[in-house]
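With the hints as your guide, set chains C and G onto chain R.
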Amino acid sequence: MVRGITPFLWTLFGAGGMVSALLFPIHILLIGLVFPLGWVDAPDYDFLHGLAIHPITRLYLLALISFPLFHWAHRFRYTVYDVFQMTGGRQLIAFLCYGAALVGTVITIHTLLTIG
Amino acid sequence: MAETIELTVARYRPEEETEPTFQSYEVPYREDWVVLDALNYVKDQLDGSLSYRWSCRMGVCGSCGMMVNGTPKLTCAVPLSDYVSKPIRIEPLQFFPILRDLIVDIGGFLGKLSSVKPWIIRDNDQSPHEGEYSQTPAELDVYKQFSMCINCMLCYSACPVVGLEPEFTGPAAIALAQRYNLDSRDQGAAERLAILDEHEGMWGCTFVGECTKVCPKNVDPAGAIQLYKRASATEWFKSVLLPWGSR
Amino acid sequence: MSEVEQRLAGGAGPYHRPISLWWWLGNRAYLKFIIRELTSVFVGIFAVLSLWQVTALSEGPEAYAAFVDRLATPGFVFLNGAVLLFVLYHTITWLNLVPTIVVVRLGGRRVPDGIIAAAHYGLWVVLSAAVAGILLVR
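Chains R, C and G supply the protein sequences, listed in that same order.
Counted from 1, the first sequence has number 5 at position 5 by my numbering; the numbering is strictly sequential.
Counted from 1, the second sequence has number 75 at position 75 by my numbering; the numbering is strictly sequential.
Counted from 1, the third sequence has number 138 at position 138 by my numbering; the numbering is strictly sequential.
These stretches of chain G come out as covered by chain R in the derived footprint (C-beta under 8 Å, 3 or more residues):
| id | stretch |
| --- | --- |
| 1 | 28–39 |
| 2 | 42–51 |
| 3 | 60–74 |
| 4 | 80–93 |
| 5 | 125–137 |
If you're looking for bench data, these hints aren't it; they were derived computationally from the structure.
The model shown is predicted, which means the values in this text are computed figures rather than measured ones.
Yeah, the Cβ is synthetic: ideal placement off N, Cα and C, and Gly gets one too.
The shape of chain R in the complex, shown without the other chains:
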């Protein structure tokens, strides 16, 4: 089943790789280091919330979270095969990885729909 949609999953992997490559470093830098360490004042809740409810921002956040999740799923799945030299149990690993990404995507969509 998974093999028939491999080209599609690979495209998601590519999209996630590009999104995370281009956007994650600045997000991590600001959200993970600059703001918590107080190098610059963090934006307040009202500003961020107002930004997040805009439909464009919601789409941006969906892309920011969902594509990288599928990037992880695809890459991690093959790495597990290679590092543990798996011949059996591959379908289960694939199901767990893409399943987790799908669950994350569904939660993200739900949260973004109710953020208003």
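Chains C and G in isolation, oriented as in the chain R frame:
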């Protein structure tokens, strides 16, 4: 200046032993020698029983591929001067079964090459009276790089997937398929895609990139495979979004 | 059968070298490859962190304040530092490989890889500046 250099060479004589062993030879160190010259010295002067493949000694036949200090190389292209003070370890190409000494079984590789239908496929052959198939320099440029492969198998020895999954079609064979897919005279891309759009085909590749690094002819098989994945994904989206479209 | 043929016929046959369980540790190129692939774990971690952030944002000011406080703890600062390092490694290895996929032909020749890569690095800088601009200049 060193007078001699030591070679540590893998031996395997199936009629005498069940596992490979190593044997050391002291050969003259000559600045203009390559590793193949040293092996030929061993065979001519020290041990005529040493078995290995070689032919053109100038990097075009693809026969003399071996592991030199753990890296797949054409022994006719590796100068002794790269290794002056240490012993040089020479082993048969990795990830292939060993027949004898430095000679590996290439039957599987040859089968993979023919499995991708490496010839011009036409829906309708032109008769000779209609003249030749024309091709512009720009059209040639699209696939020329992938046509430079000399079947030396260094890329197979560099690719961990070849080692982990013996059914994997492999870099050279998939690059060869692309050589024909991208040839403007060919009409067989759909046929080859059906063969290689599988895990044993292009999807087994995880873009390690070592195949391209070791290729002596700059074929860039890794690039060929990633472009093939892109082509397959494009076909997938076309078939899903435009199911009525003909190819 | 001659003596040689007899010996060969009774021989051990082709020898298959086993692949070590640690095949990826013994070779520098393979190790760098596995590290590159494992950056995906850190990409996944930050995706989950971002989801946590968006969830906190949707639950109100108190929930978001709790999220911000958690992120300021030493444990999370250290984690995010590691995440940043591995994601930067992902970015650099990814952008360096983009020219393999993005092949542009102009005038019958392929545009050099360096130009494609440089364009994507430029895009990275522009997008990062845009995000920083939005979050820092309010």
